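Engineer: Line order of the protein sequences matches chains A and B.
Residue 1049 in my numbering sits at position 172 of the first sequence; the count goes up by one each step and never skips.
Residue 164 in my numbering sits at position 158 of the second sequence; the count goes up by one each step and never skips.
Calculated directly from the structure, the hints in this document are not laboratory data.
All values reported here derive from a predicted model rather than from experimental measurement.
Yeah, the Cβ is synthetic: ideal placement off N, Cα and C, and Gly gets one too.
Distance condition first, Cα-Cα at most 20 Å in a straight line; then the derived EDC-like pairs of lysine to aspartate or glutamate: (1) A:Lys995 to B:Glu195; (2) A:Lys1045 to B:Glu195; (3) A:Lys1047 to B:Glu195.
Here are the in silico distance ranges between beta carbons for each label pair: (4) B:Val117 to A:Glu960: 27 to 33 Å; (5) B:Gly290 to A:Arg1112: 46 to 52 Å; (6) B:Val140 to A:Gln950: 47 to 53 Å; (7) B:Leu87 to A:Phe892: 37 to 43 Å; (8) B:Tyr132 to A:Leu955: 55 to 61 Å; (9) A:Ser1056 to B:Gly32: 52 to 58 Å; (10) A:Ala1026 to B:Val48: 43 to 49 Å; (11) B:Leu272 to A:Phe892: 52 to 58 Å; (12) B:Tyr139 to A:Leu945: 55 to 61 Å.
Which residues of chain B face chain A? A few of them, derived with a C-beta cut under 8 Å, are: (13) Gly192; (14) His198; (15) Leu206; (16) Gln215.
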Amino acid sequence: MSTPMVRAEGVRKHFGRLEVLQGIDLTVERGQVCCLLGPSGSGKSTFLRCINHLEKVDGGKLTVDGELVGYRQHGDRLHELREREVADRRRDIGMVFQRFNLFPHMTAVENVMEAPVKVAGVSRAEAREQAHALLEQVGLGDRAGHYPAQLSGGQQQRVAIARALAMKPKLMLFDEPTSALDPELVGDVLDVMRQLAADGMTMVVVTHEIGFAREVGDTAVFMDEGVVVEAGDPRRVLVDPEQERTRAFLSKVL
Amino acid sequence: MIDTKSPSATTTRAQELEVVPVRNYGRWVAAIASLMALVGLVGSLAKNDNLRWDIVGDYLFADLIFDGLATTLWLTAAAMLLGLGLGTLIAVMRLSSSPVLYGLANAFVWVFRGTPLLVQIIFWGYAAALYKYVKIGVPFTDITFFQAETNALLTPAIAALLALGLNEAAYASEIVRAGIQSVDPGQAEAAHSLGMRPALTMRRIVLPQAMRVIIPPMGNETINMLKMTALVSVISAHDLMSNIQDVYAQNYQVIPMLVVASIWYLALVTLLGVPQAWLERHYGRGTTRAGHVSPFRRLLGGTVERLGKNSKEQSR
Chain A
878 MSTPMVRAEG
888 VRKHFGRLEV
898 LQGIDLTVER
908 GQVCCLLGPS
918 GSGKSTFLRC
928 INHLEKVDGG
938 KLTVDGELVG
948 YRQHGDRLHE
958 LREREVADRR
968 RDIGMVFQRF
978 NLFPHMTAVE
988 NVMEAPVKVA
998 GVSRAEAREQ
1008 AHALLEQVGL
1018 GDRAGHYPAQ
1028 LSGGQQQRVA
1038 IARALAMKPK
1048 LMLFDEPTSA
1058 LDPELVGDVL
1068 DVMRQLAADG
1078 MTMVVVTHEI
1088 GFAREVGDTA
1098 VFMDEGVVVE
1108 AGDPRRVLVD
1118 PEQERTRAFL
1128 SKVL
Chain B
7 MIDTKSPSAT
17 TTRAQELEVV
27 PVRNYGRWVA
37 AIASLMALVG
47 LVGSLAKNDN
57 LRWDIVGDYL
67 FADLIFDGLA
77 TTLWLTAAAM
87 LLGLGLGTLI
97 AVMRLSSSPV
107 LYGLANAFVW
117 VFRGTPLLVQ
127 IIFWGYAAAL
137 YKYVKIGVPF
147 TDITFFQAET
157 NALLTPAIAA
167 LLALGLNEAA
177 YASEIVRAGI
187 QSVDPGQAEA
197 AHSLGMRPAL
207 TMRRIVLPQA
217 MRVIIPPMGN
227 ETINMLKMTA
237 LVSVISAHDL
247 MSNIQDVYAQ
257 NYQVIPMLVV
267 ASIWYLALVT
277 LLGVPQAWLE
287 RHYGRGTTRA
297 GHVSPFRRLL
307 GGTVERLGKN
317 SKEQSR
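Isolated chain A (complex conformation):
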């Protein structure tokens, strides 16, 4: 078996005195889609942000593709990475945010081109061609010249997905990608994600879309109060859970 894409062992994180993650164990294999579910404040978004070091892990061990997140190991010492080294490692981890976070001063195509040109050093012409292809892939080929303010929420989120894909990531992180959308726009975004999963992308998805998790997810992880309550096949965890806590949550959201 090859190294898993994401491996968490006893990952801990606290904000001040508040323990947000109290020892998370989790493994995401290559090509798998892992859905994180749970009530607000359960720590699922924080855990996702730890994976690309937007939050610093306080304890435990977290690796992406076999490499420690945020640290370099020398013997039995961990050296904290410089910000530029962290940045270099984030290159091939794509992230999609709840609030899209598109760059408002750039058009859709410029948003998608920015990182390939400025970070990966791809030529502008090549990056533009690739950006147009990606926008086409998310169904927005005709919106390339629009500024984010001129796009609907669903369109903005699909541009954000194209922007993350432009760096050819080996792992995609989704932080409640459909929570800020009007209900009728959710479908378009989920369709794009479904297609990504079908193409074999490794994905970690924080979501409230139980239907999506059941249909697309390879594993479902139910979290509450900073611990993993239950994890496994979504068709079991989300249909016939073993834990009372999971059952109570599902009965409220379904």
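Take the given structure of chain A and dock chain B to it, following the hints.
Structural biologist: Same frame as chain A, now just chain B:
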């Protein structure tokens, strides 16, 4: 009882009714009275022989005035550049997590914002009284890399530039800091998640968005700076105001010479509105759905805007 069948005045179709706007008699009276006052003022100025329009005309395009204008202009530009550059550095220092950098930046702003500009100008003008020589070397040793007489380095123009630029840096740092803090932290996170390093994120993502917030107050600062250069006449830096003072010290025509100065300051301030509008438009891209107002329209102010108002509202 409500009778829906019978025709009455209230059911007449709206199109057939004449609309009578509110008549603001009080406003008309006020407008006429203030216009009359204005005409009276202009008339009395025009007829006042003490104003000596002939002298205003003689000096308006005099070489001495143009020399002063040139100094005023480069002093304004250089002081603003120094202020903005140093101000940005201080803003970044104040946002730094190092307590030493933060403290130094705060102290700088405290001193240069807390003392009058006039005092600072005179101080730099007379700095030679404090240090006769300027030496750069290793402290507490005799090693010296550079040494010069303070008076030779600190010409009035350089002293003026230092005074204006350092003072401006204190104000600019606050404006830049507010601009940087106005950008949604999610923007930097998105940039980081794409693998952009901190410096690149600042340059490509945060600062361009901060500029939208920074430019209007910096435009104000530039206009202020242009006028504040007049203060450096106290150390005779040969700016516009210094030269004007030199002239009226000889010919005693104080008022006509001040009119000359005012005309030029007004003209320059008006012209400054053009690049400001252009910059605002440049950094405002992507923020509005409607078309932008061109700088020339901005320059002409309300009149054109009001004429174009209807068409603009339709396009929204």
